[in-house]
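Engineer: Converting from the sequence shown to the numbering used here requires adding 343 to each position, the first position being numbered 1.
Any given hint might turn out to be false.
[As the list claims (entries may be wrong)] Listed next, the in silico DSS-like pairs over lysine-lysine satisfying Cα-Cα at most 30 Å (straight line):
#1 849 x 877
#2 580 x 443
#3 741 x 1130
#4 1157 x 1074
#5 1074 x 1177
#6 713 x 683
#7 743 x 981
#8 1048 x 713
#9 743 x 1130
#10 877 x 703
#11 741 x 443
#12 713 x 981
#13 1177 x 683
#14 1074 x 1130
#15 713 x 741
#16 849 x 713
#17 580 x 625
#18 467 x 422
#19 710 x 443
#20 824 x 849
#21 703 x 849
#22 950 x 713
#23 422 x 1130
#24 550 x 422
#25 683 x 1176
#26 741 x 1048
#27 713 x 743
#28 741 x 950
#29 741 x 1176
#30 467 x 950
#31 550 x 443
#32 1074 x 1048
[Stated by the list, open to error] Each pair of labels, with its calculated beta carbon distance range:
#33 440 x 633: 48 to 58 Å
#34 869 x 633: 43 to 53 Å
#35 465 x 702: 48 to 58 Å
#36 646 x 435: 19 to 29 Å
#37 702 x 667: 23 to 33 Å
#38 668 x 540: 32 to 42 Å
Note that these hints are calculated values from the structure, not bench results.
None of these values were measured; they are calculated from a predicted model.
All residues carry an ideal CB built from backbone N, CA and C; glycine is no exception.
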Amino acid sequence: MTDWTRREILKGSGLAISASAASKLLAGRVLAQSAPQTAASGPEASRSSSSGGTSPLRERLSLDFGWRFHLGHATDPSKDFGYTSQSLFSKTGGLFDPSKPEFDDSPWSRVDIPHDWAVTLDFKNDPQLDSHGYKPLGRDYPATSIGWYRRGFDVPASDEGRRIWIEFEGVFRDSIAVLNGIYLGRHASGYTPFRYDVADFVNYGAKNILVVRVDATLGEGWWYEGAGIYRHVWLSKTSPVHVAHNGTFVTSELGPGLATVSISTEIDNESDSEQSCRVLTKIVDSDGRSVAEAQSTPLSIPALSRREFRQQLTISNPAVWSLEEPNLYRTVTMVGVAGKTVDEYETPFGIRTIRFNPDKGFLLNDKPVKIKGTCNHQDFAGVGIALPDRIHFYRVEKLKEMGSNAYRMSHNLPTQALLEACDQLGMLVMDETRMMSSSPEGLEQLETMIRRDRNHPSVIIWSIGNEEDLQGSDTGARIAKSMKRLVRQFDSTRPVTEAMNDDWGKGLSAVVDVQGFNYHSAEQMDAFHRQSPKQPTIGTETASTVCTRGIYQNDQQAGYVSAYDLNIPPWAQLAENWWSVYAERPWVAGGFAWTGFDYRGEPTPYKWPCINSHFGVMDTCGFPKDNFHYYQAQWSDKPVLHLLPHWNWDGKGKREIDVWCYSNLEQVELFLNGRSLGIKDVPRYGHVEWKVTYVPGTIEARAFKDRHQILTARRETTSSPTKLALIADQKEISADGRDLSIVQVQVLDAQRRLVPMADLPIDFYLSGNGSLIGVGNGNPSSHEADKADRRRAFNGLCMTIVQSTREPGELRLKATSAGLEPAVIVINSHAAKKDSVL
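Throw the hints in and build the complete structure from the sequences for me.
Structural biologist: Right, here's the structure in full:
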């Protein structure tokens, strides 16, 4: 096909409900149509991050706070809280000792969700643990591979008759959930959300006890995956007639001066009798104004059945979602029965068009956009995989600062907060399922991803796998065909790809809409384009440059790699090499560098004592490495000049230093202590460099365009450390128990210059209504605790994370180090908006 567009695949596709999604609902499908209605334009995006959130009719209450936690044991039943008997599941009720109301959990630790117990474990020098960050999880570590969670909550007697679910956004891994001693179910994958209907098991008007046993013995990937309930937990309540789970799908088409918005709404009738139902849908802009609405004709829904309503609305002069202006709307769906509104459900969405073209690459709103992406795992200093929502926003903000415009979810479903960050900040997304399989479990994972994420305007393409062994085979093609068929069933607006590291043009290549390339030569990509000129292409994974922040010579013993862009594994490409290939080929949609951030596990090229990867453009704290500025020079519109390395070298004897500059200006002149070392033209996709005999003092770079000096950059030989400085990413936070501030610590000399090799221990003292939830420094070989009030600086920097409680007030953070002037910063925690917390 010439273009991959929605129209070309719409024929023969449609929405359907699978048995797994419909649960106990009966089969059947009837459509109710609404006529288009027109309304005034909406100027700005909605910033709502709720989907099916709490309303007077529908409640979604957070269960994140107030859990108890204790390690179990994989092989010793006496240490695993009743997980012992061969006939454990033979009867309903009375399951597990911790489910009993009288169980004493006071020896258990108090934790809040998100929680990752693996990040608190000591490092273990065991080669079989290298890919998972040397944390003791697995069959050889039964005492640290099982975790138990326990929480009580009340449900009022007035809720009897409502539908009630407990929803888990993500648990790693192999969980068993029990409510009031009654087994709810098991869930295997650590990356897919799941929920349990608990209306029959709730103690109405009394205390309820929820227990979750988590088994992280076996993993799903080859990177650090953590352990525990690491994403949000919710208690949701609705009337028996309600919008189905993930039951809205909003699509739009742009025309001259208007947008046509099509809305599919699935309504579940979980009552025992037939119900006559109508749906009123409003589209609301970012100012809260209703800009369009439509009401359906009444439709009869049999008992225990699901029905779909289709409506079409028109918005004049719509505010389009783009990278520069990520405008958002939301639909408000009201369900009426017998003249009474029984449910209200919100769906954020954006109005935009996407297209993958074999000649022009990727087009957003009919304009070519080169994808400048990074791949990323869900991992951050101090917290492991249990990232609070704010950290997802912080990471997207840092990537945008670099000039990146796209984020590949590697290699699993993301958390909702990350997609909301991409929606709200303007970041394109490749959404990827964990299991490439047409087995029932594989298709269920894929269906979950599509139905949950299809309303996010940031999501532009679905990935069904990564570097699969079967990718070039007939079996792989059959699997991909079945998976693609399911994608079409639930979303006809986005293409399908697979991240292939070989066998391009074979196997599933003929099945996917967009050919994905992982690690290839320019000649291989050109050959594929000649062979398949009608198939769009994208670099699903590339780069894999390895480097350590602030280090300029390889040190295998310490586990450090030089920050010059010179080191790659055998399969990889330097940043300058891969980007020049993609930038010069307009028919390639763009590419995703591996990775935006360092992550635990996969230590490359060195193993122990190194415990995390070196692939990131930023380290685990989000501190930029030098090649961050290479990408910034190539990917952003602002003038860039970055000078490396530092200028604190051993001055004994003559020592020649490689001095580099990254810039997107035309020429750079280098000076050493005021003496010019020459002016050089900046290569289009490269850097300029000089060999300089080290003399203490100052190196200075001056960058020019049209013979006018635009920017300067300096590196000075510093003196010894004398003081600390604190920089908070935000000094005003919400007192909701979730919001936080990421505080950077700098080690400075007497002239307030960063001391680039400082590695002093730093202690933290926090007063006020808050807590320190983690520390880090980006050192890939650090074995210090992430949950602590102390951290060594690494090359002049470290970090701590300050989180609010649910009480407002002033938070005062003090950082000290022996012999240095301390630093203090004040963070204000303001009363939060009314929050739905149980």
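Engineer: Please go over all the hints and tell whether each is borne out by the structure.
Structural biologist: How the hints compare with the structure:
Among the hinted pairs, residue 849 with residue 877 is consistent with the structure: their alpha-carbon atoms are about 15 Å apart, no more than 30 Å. About 24 Å separates the Cα atoms of residue 580 and residue 443, which keeps this hinted pair within 30 Å; it holds. Straight-line distance between C-alpha atoms of residue 741 and residue 1130 comes to about 23 Å, which keeps the hinted pair within the 30 Å bound. Restraint check for residue 1157 and residue 1074: the C-alpha separation of about 14 Å stays at or below 30 Å, so the hint holds.
A distance of roughly 21 Å separates the Cα atoms of residue 1074 and residue 1177; the hinted pair therefore holds under the 30 Å criterion. Between residue 713 and residue 683 the CA atoms are separated by roughly 50 Å; this puts the pair beyond 30 Å, and the hint is violated. This hinted pair checks out: residue 743 and residue 981 have alpha carbons roughly 12 Å apart, not beyond 30 Å. Of the supplied pair hints, the one linking residue 1048 and residue 713 holds, its CA atoms being roughly 25 Å apart against a limit of 30 Å.
Our distance criterion of 30 Å between C-alpha atoms is met by residue 743 and residue 1130, whose separation comes to about 29 Å. Distance hint between residue 877 and residue 703 is fulfilled; the C-alpha atoms sit about 11 Å from each other, no more than 30 Å. A distance of roughly 47 Å separates the Cα atoms of residue 741 and residue 443; the hinted pair therefore is violated under the 30 Å criterion. A hinted pair counts as satisfied when its Cα atoms are at most 30 Å apart, and residue 713 with residue 981 qualifies at roughly 17 Å.
For the given pair, residue 1177 sits about 26 Å from residue 683 by alpha-carbon distance, which is consistent with the 30 Å threshold. Distance hint between residue 1074 and residue 1130 is fulfilled; the C-alpha atoms sit about 22 Å from each other, no more than 30 Å. Distance hint between residue 713 and residue 741 is fulfilled; the C-alpha atoms sit about 19 Å from each other, no more than 30 Å. Between residue 849 and residue 713 the CA atoms are separated by roughly 26 Å; this keeps the pair inside 30 Å, and the hint holds.
For a cut-off of 30 Å, the pair hint linking residue 580 to residue 625 stands: about 22 Å separates their Cα positions. For a cut-off of 30 Å, the pair hint linking residue 467 to residue 422 stands: about 22 Å separates their Cα positions. Between residue 710 and residue 443 the CA atoms are separated by roughly 61 Å; this puts the pair beyond 30 Å, and the hint is violated. Restraint check for residue 824 and residue 849: satisfied, since their Cα atoms lie roughly 14 Å apart, inside the 30 Å limit.
Taking the CA atoms of residue 703 and residue 849, the gap is near 24 Å; set against the 30 Å cutoff, the hint holds. A threshold of 30 Å between alpha carbons decides the hint, and for residue 950 with residue 713 the separation of about 36 Å lies outside it, so the pair is violated. A distance of roughly 25 Å separates the Cα atoms of residue 422 and residue 1130; the hinted pair therefore holds under the 30 Å criterion. With a CA separation close to 26 Å, the supplied pair residue 550 and residue 422 stays within the 30 Å bound.
Under the criterion of a C-alpha separation no larger than 30 Å, the hint pairing residue 683 with residue 1176 is consistent with the structure, at around 29 Å. Between the alpha carbons of residue 741 and residue 1048 the distance comes to roughly 27 Å, so the proposed pair stays at or under 30 Å and holds. A C-alpha spacing of about 14 Å is found between residue 713 and residue 743, which places the hinted pair at or below 30 Å, so the restraint holds. Annotation: proposed proximity of residue 741 to residue 950 holds, straight-line Cα distance about 28 Å (limit 30 Å).
For the given pair, residue 741 sits about 27 Å from residue 1176 by alpha-carbon distance, which is consistent with the 30 Å threshold. A threshold of 30 Å between alpha carbons decides the hint, and for residue 467 with residue 950 the separation of about 12 Å falls inside it, so the pair holds. As the CA atoms of residue 550 and residue 443 are separated by approximately 11 Å, the hinted pair is consistent with the 30 Å bound. The suggested pairing of residue 1074 with residue 1048 is violated, with an alpha-carbon distance near 37 Å, which exceeds 30 Å.
Under the hint 48 to 58 Å, the C-beta atoms of residue 440 and residue 633, about 53 Å apart, fit the expected range. Distance hint check for residue 869 and residue 633: the Cβ-Cβ separation is about 52 Å, which falls inside the suggested range of 43 to 53 Å. One distance hint, 48 to 58 Å for the beta-carbon pair residue 465 and residue 702, holds here, with the actual separation near 55 Å. For the pair residue 646 and residue 435, the supplied restraint of 19 to 29 Å holds, since their beta-carbon distance comes to about 25 Å.
A C-beta distance of roughly 25 Å is found between residue 702 and residue 667, which places it inside the suggested range of 23 to 33 Å. Between residue 668 and residue 540, the C-beta spacing of about 41 Å keeps the proposed range 32 to 42 Å intact.
Checked against the numbered hints above, the structure violates hints 6, 11, 19, 22 and 32; every other hint is satisfied.
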